[in-house]
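Add chain B to chain A, keeping to what the hints say.
There are 2 protein chains.
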Amino acid sequence: MALIVQKYGGTSVGSIDRIKSVAKRVIDTYKQGNQMVVVLSAMAGQTDGLIELAKKVTQDPDPRELDVLLSTGEQVSVALFAMAIKSMGYDARSLLGFQVGIHTDKLYGKARIHQIDTKRIKEELEKGRIVAVAGFQGLDEDGNITTLGRGGSDTTAVALAAALNADICEIYTDVDGIYTTDPNICPEARKLDVISYDEMLEMASLGAKVLEIRAVEFAKKFNVKLHVRSSFKEEGGTMVVPETKDMEKVVVSGVTYNKNEARVTIKRVPDKPGIAAKIFKPLFDAGIVVDMIIQNTSEDGYTDMTFTVPKPDFKKSIQLVEKVAKEIGAEKVLGDENIAKVSIVGVGMRTHAGVAQKMFETLAQEGINILMISTSEIKISCVVEEKYTELAVRVLHRAFGLDKNQ
Amino acid sequence: MALIVQKYGGTSVGSIDRIKSVAKRVIDTYKQGNQMVVVLSAMAGQTDGLIELAKKVTQDPDPRELDVLLSTGEQVSVALFAMAIKSMGYDARSLLGFQVGIHTDKLYGKARIHQIDTKRIKEELEKGRIVAVAGFQGLDEDGNITTLGRGGSDTTAVALAAALNADICEIYTDVDGIYTTDPNICPEARKLDVISYDEMLEMASLGAKVLEIRAVEFAKKFNVKLHVRSSFKEEGGTMVVPETKDMEKVVVSGVTYNKNEARVTIKRVPDKPGIAAKIFKPLFDAGIVVDMIIQNTSEDGYTDMTFTVPKPDFKKSIQLVEKVAKEIGAEKVLGDENIAKVSIVGVGMRTHAGVAQKMFETLAQEGINILMISTSEIKISCVVEEKYTELAVRVLHRAFGLDKNQ
Chain A
19 MALIVQKYGG
29 TSVGSIDRIK
39 SVAKRVIDTY
49 KQGNQMVVVL
59 SAMAGQTDGL
69 IELAKKVTQD
79 PDPRELDVLL
89 STGEQVSVAL
99 FAMAIKSMGY
109 DARSLLGFQV
119 GIHTDKLYGK
129 ARIHQIDTKR
139 IKEELEKGRI
149 VAVAGFQGLD
159 EDGNITTLGR
169 GGSDTTAVAL
179 AAALNADICE
189 IYTDVDGIYT
199 TDPNICPEAR
209 KLDVISYDEM
219 LEMASLGAKV
229 LEIRAVEFAK
239 KFNVKLHVRS
249 SFKEEGGTMV
259 VPETKDMEKV
269 VVSGVTYNKN
279 EARVTIKRVP
289 DKPGIAAKIF
299 KPLFDAGIVV
309 DMIIQNTSED
319 GYTDMTFTVP
329 KPDFKKSIQL
339 VEKVAKEIGA
349 EKVLGDENIA
359 KVSIVGVGMR
369 THAGVAQKMF
379 ETLAQEGINI
389 LMISTSEIKI
399 SCVVEEKYTE
409 LAVRVLHRAF
419 GLDKNQ
Chain B
19 MALIVQKYGG
29 TSVGSIDRIK
39 SVAKRVIDTY
49 KQGNQMVVVL
59 SAMAGQTDGL
69 IELAKKVTQD
79 PDPRELDVLL
89 STGEQVSVAL
99 FAMAIKSMGY
109 DARSLLGFQV
119 GIHTDKLYGK
129 ARIHQIDTKR
139 IKEELEKGRI
149 VAVAGFQGLD
159 EDGNITTLGR
169 GGSDTTAVAL
179 AAALNADICE
189 IYTDVDGIYT
199 TDPNICPEAR
209 KLDVISYDEM
219 LEMASLGAKV
229 LEIRAVEFAK
239 KFNVKLHVRS
249 SFKEEGGTMV
259 VPETKDMEKV
269 VVSGVTYNKN
279 EARVTIKRVP
289 DKPGIAAKIF
299 KPLFDAGIVV
309 DMIIQNTSED
319 GYTDMTFTVP
329 KPDFKKSIQL
339 VEKVAKEIGA
349 EKVLGDENIA
359 KVSIVGVGMR
369 THAGVAQKMF
379 ETLAQEGINI
389 LMISTSEIKI
399 SCVVEEKYTE
409 LAVRVLHRAF
419 GLDKNQ
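Chains as they are written, first to last, in our numbering: chain A, 19 to 424; chain B, 19 to 424.
The set of hints was computed from the structure by calculation and includes no laboratory data.
Treat each hint with caution, since some may be false.
Residues from chain B shown here face chain A by an in silico Cβ test under 10 Å; the list is partial [to be verified]:
#, residue
1, A72
2, E83
3, S89
4, A97
5, K104
6, M106
7, R111
8, A150
Below, in silico cross-link-like pairs of lysine-lysine (DSS-like), each with a Cα-Cα straight-line distance of 27 Å or less [what the hints assert, rightly or not]:
#, chain 1, residue 1, chain 2, residue 2
9, B, K124, B, K145
10, A, K124, B, K137
11, A, K74, B, K128
12, B, K128, A, K145
13, A, K405, A, K285
On a predicted model such as this, the values are computed, not experimentally measured, just so you know.
Ideal Cβ positions, reconstructed from N, Cα and C, are used throughout, including at glycine.
Looking at chain A on its own, in the form it has when it is part of the complex:
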């Protein structure tokens, strides 16, 4: 008998029919002798609908009350799901954040889980019940409702799996696993059977939006085995697990890209201590998230500073930086919205030499100019002209052998 935590996203419970088929699926696994804890998101579109409603009241809704409002979405899902299970002749109980005891900090809209009580859930499981837990929600120390932010149900599921010491945490979604790259632009993309937490973290943050980053961090921290799979298909998906020696044999696990950033360059910045802090302070104050930052070696006391920002913040960023540029005596500010970031990810990079070299050569062979480079232990990212994105992804995918079963 295993204890299984399953999480179903908004699309998987997007209609009454889908809720019923999720219920059937859960019952099947239950009948095989497993204890089942099922975490549900709000039905697709619900959360956006509630946010719209709040925006009609005020453009700037009170964060505490917004969480009270949004948490109803998951409450509806778990109630309907538990009804479905019961109507099929099995016993189920829905539990909300306050009923489980999902304790968080007080950061409305992006709360972090501190601790989860397991008593109530264990009691229900011991009675042979299927337990449906509302995802995305918790309770602060004063008994106020909090929510965990977008994708928070993933975090709920992983945190529950950790607290309950579950055998596995299955994340059901509308894709059937993690791919070596986006199949929409590279038909040769293959589903990965297994991936390490760190690779998953790099893949997620780079745009492969299957799993919430925080959930992966949580899983890594508490060693929770994740299985990302489709709610619409029977076959297995991708296991996200601790890194093994074996994994290092594969140099590159995936190729990702991100077209949602723009590039800002400040030319001939007087190279003095504290200059970077001065440049980025107004951006930070405006809540603009700066991603890659590159500073060239100083020549004759001047340096160039280049960084990327989200495209929607591009114009605002240019304005802010032009003001700073004048103050610090830089020459001028340049900007480019037509860029994309292409990255290769793999734990094997740690032990294999020449990976960067191979990436640069592959791009060069296709005449793709590299505008910026940044590297981490298990990732190399190149910024290129946006029009080359798809081509870059395809040639890198092939160059690192991702089109072949390894």
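For chain B alone, kept in the frame of chain A given last:
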């Protein structure tokens, strides 16, 4: 400084604009130096929509889970309302059943309030906050969500007013008070300035659907002053208060009617002990609520038994009673769906003679035949042919001087 509990029904919070105008109204009263606790229903249509959703899952939804589902309606209302208050520059907090501590029994869908904690609400009030409480919901001793049944928000408001020892409980609705009769069929109907709990109970149970009966019972038990008034008008409505000597001067306070019942008669029932119990057992077992029951004096060992049932249960009732009639050797069963019950209500009846006589004469003068009569201390009801309903209401209204200011 007074402590005021206000309750706004589904129509009063039926749109974002209405929620905003309720918020303005509450702030106005708050600015006059009052402490405000505001109980809200679900937005009009919400609860029905949620029930429909549940019915799509299963025709017979689990009662516990149905309550989890339905309680989201009020949760949405209080969150939006608190947002509205805050966006207008005043401080507010929404509190759900579990946050207040509204403790009920375990009867899902029709739970009764056992006890209310006042600590959290008092803390919020002391901080100068307007407190918005989700109506209709509570928590059983095991921490499960319960709901109080239709009109339950009235009960929440009155119970809160009692627990907090509030100065007044104002029930805001889409009518502007309690009328002497239905203005739709009697244009001379007048709004009552004041009415006693007992009169209100009789009026409510007889079809003047303004206040939930249980809420009035609660108010009577705990001596909570009620004020029933319109959310769309400024002027005062009707005060529902303990009976005073003064009230007895008015013989009749209102005329009500009910067209939703049908009549069943069993002719020549052998008059033996236990016969009534035998007749009504199958109806009781089938969950059919029998209203008026009249048994004529026995003649030669046989009696006639007449009673009324809700119209939707009429056919079923006839079937059940025909079976029993055979068993007990009664002659036959008659039925009539085209009846109506017309009643006069007033605490003054206790001390005034001849009220019934006047009612019967008034109806006779118009050629209206009385089919059944039943009386209580402060109410006389006559069953008449349905087609005479409006006429009967109008002539009684005039005969007892309800068209004149008293």
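A quick look at each hint next to the structure:
Interface restraint check: B/A72 against chain A, minimum CB-CB distance 6 Å, threshold 10 Å, status holds. Hint on B/E83 holds. Least Cβ distance to chain A is approximately 4 Å, under the 10 Å limit. The criterion of a C-beta within 10 Å of any C-beta in chain A is met by B/S89, whose closest approach is roughly 8 Å, and the hint holds. Evaluation of the B/A97 hint against chain A yields a held restraint, the C-beta minimum of about 4 Å falling below 10 Å.
The beta carbon of B/K104 is positioned within 10 Å of a beta carbon in chain A (closest approach about 4 Å), and the interface hint is therefore held. Using the Cβ-Cβ criterion of 10 Å, the hint placing B/M106 at the interface with chain A is satisfied: the shortest such distance is roughly 9 Å. Below 10 Å, beta-carbon pairs count as interface contacts, and B/R111 has one with chain A at about 8 Å; its hint therefore holds. Hint status for B/A150 relative to chain A: holds, with the closest Cβ pair at about 9 Å, below 10 Å.
Pair hint B/K124 plus B/K145 does not hold up; C-alpha atoms about 33 Å apart against a cutoff of 27 Å. Taking the CA atoms of A/K124 and B/K137, the gap is near 21 Å; set against the 27 Å cutoff, the hint holds. About 33 Å separates the Cα atoms of A/K74 and B/K128, which puts this hinted pair outside 27 Å; it is violated. As the CA atoms of B/K128 and A/K145 are separated by approximately 26 Å, the hinted pair is consistent with the 27 Å bound.
For the given pair, A/K405 sits about 25 Å from A/K285 by alpha-carbon distance, which is consistent with the 27 Å threshold.
Taken one by one, the earlier hints fail for this structure at numbers 9, 11, listed in ascending order.
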